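**Student:** Read top to bottom, the protein sequences are chains A and B. Under the numbering used here, the first residue of the first sequence is numbered 49, with each subsequent residue one higher. Under the numbering used here, the first residue of the second sequence is numbered 6, with each subsequent residue one higher.
There could be a bad hint or two in this list.
The list that follows gives simulated cross-link-like pairs (lysine-lysine, BS3-like), each with its CA atoms no further than 27 Å apart [what the hints assert, rightly or not]:
#	chain 1	residue 1	chain 2	residue 2
1	A	173	B	349
2	A	132	B	121
3	B	39	B	7
4	A	132	B	122
5	B	257	A	132
6	B	339	A	173
7	A	181	B	122
8	B	349	A	181
9	B	122	B	138
10	A	181	A	132
11	A	181	B	121
12	B	258	A	132
13	B	339	B	349
14	B	258	B	122
15	B	7	B	44
16	B	339	B	297
17	B	297	B	375
18	B	339	A	91
19	A	91	B	338
20	B	44	B	364
21	B	349	A	132
22	B	15	B	43
In case anyone wonders, no lab produced these hints; they're calculated from the structure. Only a predicted model underlies this, so the values are computations on that prediction, with no experimental measurement involved.
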Amino acid sequence: MEHSVKIRLRFTPADTERPFVHLLATRFGLVFSILQADISPDKGGRMVLDLTGEEKAIEDALQFTIDQGVDVRILSRVVRWDDKVCVHCGSCTAVCRTRALQLDPETAMLSFDNARCVVCEMCVKACPTGALKVELSP
Amino acid sequence: MKTISEINEKIRAGSAVVLTAEEVVRMAREQGVKETAKKVDVVTTGTFSPMCSSGAFLNFGHAEPLIRMSGVKLNDVPACAGLAAVDCYLGATELSETRGMDYGGAHVIEDLIAGKKVHLSARSYGTDCYPRKSLEAEVGLSDMNQCFLFNPRNAYQNYNCSVNTSDRIIHTYMGTLLPHMANATYATAGELSPLLKDPELRTIGIGTRVFFCGAQGYVAWEGTQCFPGYTEYEDGVRSYSGATLALIGDMKKMSTDYIRAACIYQYGVSMFVGVGIPFPVLDEDLCAQLSKGNDELFTEVSDYSVPLRSRPVLRQRVSYAELRSGTVEVCGKKIPAAPMTSLKKSRDIALELKRQVQKGEFLLTEPAAKLPLDTTKHVLHALDDPK
Numbered sequence: 049m050e051h052s053v054k055i056r057l058r059f060t061p062a063d064t065e066r067p068f069v070h071l072l073a074t075r076f077g078l079v080f081s082i083l084q085a086d087i088s089p090d091k092g093g094r095m096v097l098d099l100t101g102e103e104k105a106i107e108d109a110l111q112f113t114i115d116q117g118v119d120v121r122i123l124s125r126v127v128r129w130d131d132k133v134c135v136h137c138g139s140c141t142a143v144c145r146t147r148a149l150q151l152d153p154e155t156a157m158l159s160f161d162n163a164r165c166v167v168c169e170m171c172v173k174a175c176p177t178g179a180l181k182v183e184l185s186p
Numbered sequence: 006m007k008t009i010s011e012i013n014e015k016i017r018a019g020s021a022v023v024l025t026a027e028e029v030v031r032m033a034r035e036q037g038v039k040e041t042a043k044k045v046d047v048v049t050t051g052t053f054s055p056m057c058s059s060g061a062f063l064n065f066g067h068a069e070p071l072i073r074m075s076g077v078k079l080n081d082v083p084a085c086a087g088l089a090a091v092d093c094y095l096g097a098t099e100l101s102e103t104r105g106m107d108y109g110g111a112h113v114i115e116d117l118i119a120g121k122k123v124h125l126s127a128r129s130y131g132t133d134c135y136p137r138k139s140l141e142a143e144v145g146l147s148d149m150n151q152c153f154l155f156n157p158r159n160a161y162q163n164y165n166c167s168v169n170t171s172d173r174i175i176h177t178y179m180g181t182l183l184p185h186m187a188n189a190t191y192a193t194a195g196e197l198s199p200l201l202k203d204p205e206l207r208t209i210g211i212g213t214r215v216f217f218c219g220a221q222g223y224v225a226w227e228g229t230q231c232f233p234g235y236t237e238y239e240d241g242v243r244s245y246s247g248a249t250l251a252l253i254g255d256m257k258k259m260s261t262d263y264i265r266a267a268c269i270y271q272y273g274v275s276m277f278v279g280v281g282i283p284f285p286v287l288d289e290d291l292c293a294q295l296s297k298g299n300d301e302l303f304t305e306v307s308d309y310s311v312p313l314r315s316r317p318v319l320r321q322r323v324s325y326a327e328l329r330s331g332t333v334e335v336c337g338k339k340i341p342a343a344p345m346t347s348l349k350k351s352r353d354i355a356l357e358l359k360r361q362v363q364k365g366e367f368l369l370t371e372p373a374a375k376l377p378l379d380t381t382k383h384v385l386h387a388l389d390d391p392k
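So here's chain A without its partners, still in its complex pose (with noise of 0.2 Å):
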């Protein structure tokens, strides 16, 4: 059965020089996108991924990463919007980066679309009705 997981990484300036991300979708079989990434050769940075695959290959890409010493951590939170509470305001959209929270130019209806979310929950503090809340994830 198909898994998905968010994890985020973080990078000291040394990993940057390693073909990391391609290590995990080679060696693993695993279907990744990036949700956000800031990562300078200098500096380090970090990484949000969206990782799909067998729950095997997840496990193992995992243990991969730590012990290549490179710091994750499993988004296990999520955001959930409620639109029987939301008044549709945008108040989110001013802090929402990934743009995972858009108004549609059209309806001016708030949207929500969880697979661009990175889980930063500055959208929670924004919300002034309390319409976006973190769960963990199930």
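Following the hints, put chain B in place on chain A, whose structure we already have.
**Tutor:** Frame of chain A; chain B shown alone:
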């Protein structure tokens, strides 16, 4: 060309032509202002935005034995009880003594309008005529006598767009502003915004009936800090700002579809207030104003990292069309722009008001008195003012 009473006759007869502000902008562009002024009788507007200067007068009715309440709390939110025995004024931004910024006066108001009971806790020093010294009760809107919102400052005509040039994140009443000007927020419904559509306040005055959080409310007075004025740009275009309204209306007739509490992170509690004003299309001049679109209405961009009376203005003129596009250019940098005002709810209000006018349920009013256009702005001189 037309009078308010002629328009009301048409509304009563069900023959008035009513358009929302968005619809009239489109019509004027297709058919011209002259034709539009002839055809249209009423233009409805709407806004749904955090408006801190809001609150409710509540009368609880008398208990037995009698109490002259000197300290009142509703769900642990203190209200001002320095009035007669069982009257109080609950300010929307007052914070709960137990829950802090998560719950405040605005939430009590929303809970009451939603039909919920709230816990009343009252204290008194006791008098010969009002001997009781304390009282606890569960009260809802239907248990109380008069309950009306009296909001000293609502429906700001125009408001600036905010950015943060500092190197740290700031949490303001204009929302979360990211460092190094990484975002911008604005808080006006643009072409739907009531006071931008009659900028010289020709038809709005004391006694004007308005859509107020789902009820029919009234303009009670000029709003606090009402300083109507305009900026004239080099090309002669004027940008109006500064007018505000004090509004009054019956809470028992309001709906949480049009009024909601707001928690603004690290700033405090505020209240989303839904206001709609119907404008009579009296002549072409007024129709030209009513037909102004987002590309003809402007505001300025201010730096909120400077907490001074006059914040630095980083751009004098930005149109609501540009802000609405989601990207605004400030100091040569293109940055994401996000609203604080719900365009969806503003539009819902203008449409609901249009429906009520068409059905003859909402008649227009001749103001009892004009609002002043020549108010003087005072500032507060603290004893420690730097000379």
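**Student:** Hint by hint, say whether it matches the structure.
**Tutor:** Structure-based check of all given hints:
| no. | hint | result |
| --- | --- | --- |
| 1 | 173/A to 349/B | holds (21 Å) |
| 2 | 132/A to 121/B | holds (18 Å) |
| 3 | 39/B to 7/B | holds (13 Å) |
| 4 | 132/A to 122/B | holds (21 Å) |
| 5 | 257/B to 132/A | holds (22 Å) |
| 6 | 339/B to 173/A | holds (25 Å) |
| 7 | 181/A to 122/B | holds (26 Å) |
| 8 | 349/B to 181/A | holds (22 Å) |
| 9 | 122/B to 138/B | holds (23 Å) |
| 10 | 181/A to 132/A | holds (13 Å) |
| 11 | 181/A to 121/B | holds (24 Å) |
| 12 | 258/B to 132/A | holds (21 Å) |
| 13 | 339/B to 349/B | holds (25 Å) |
| 14 | 258/B to 122/B | holds (16 Å) |
| 15 | 7/B to 44/B | holds (11 Å) |
| 16 | 339/B to 297/B | holds (25 Å) |
| 17 | 297/B to 375/B | holds (23 Å) |
| 18 | 339/B to 91/A | holds (26 Å) |
| 19 | 91/A to 338/B | holds (25 Å) |
| 20 | 44/B to 364/B | holds (18 Å) |
| 21 | 349/B to 132/A | holds (14 Å) |
| 22 | 15/B to 43/B | holds (14 Å) |
The structure meets every hint from the earlier list without exception.
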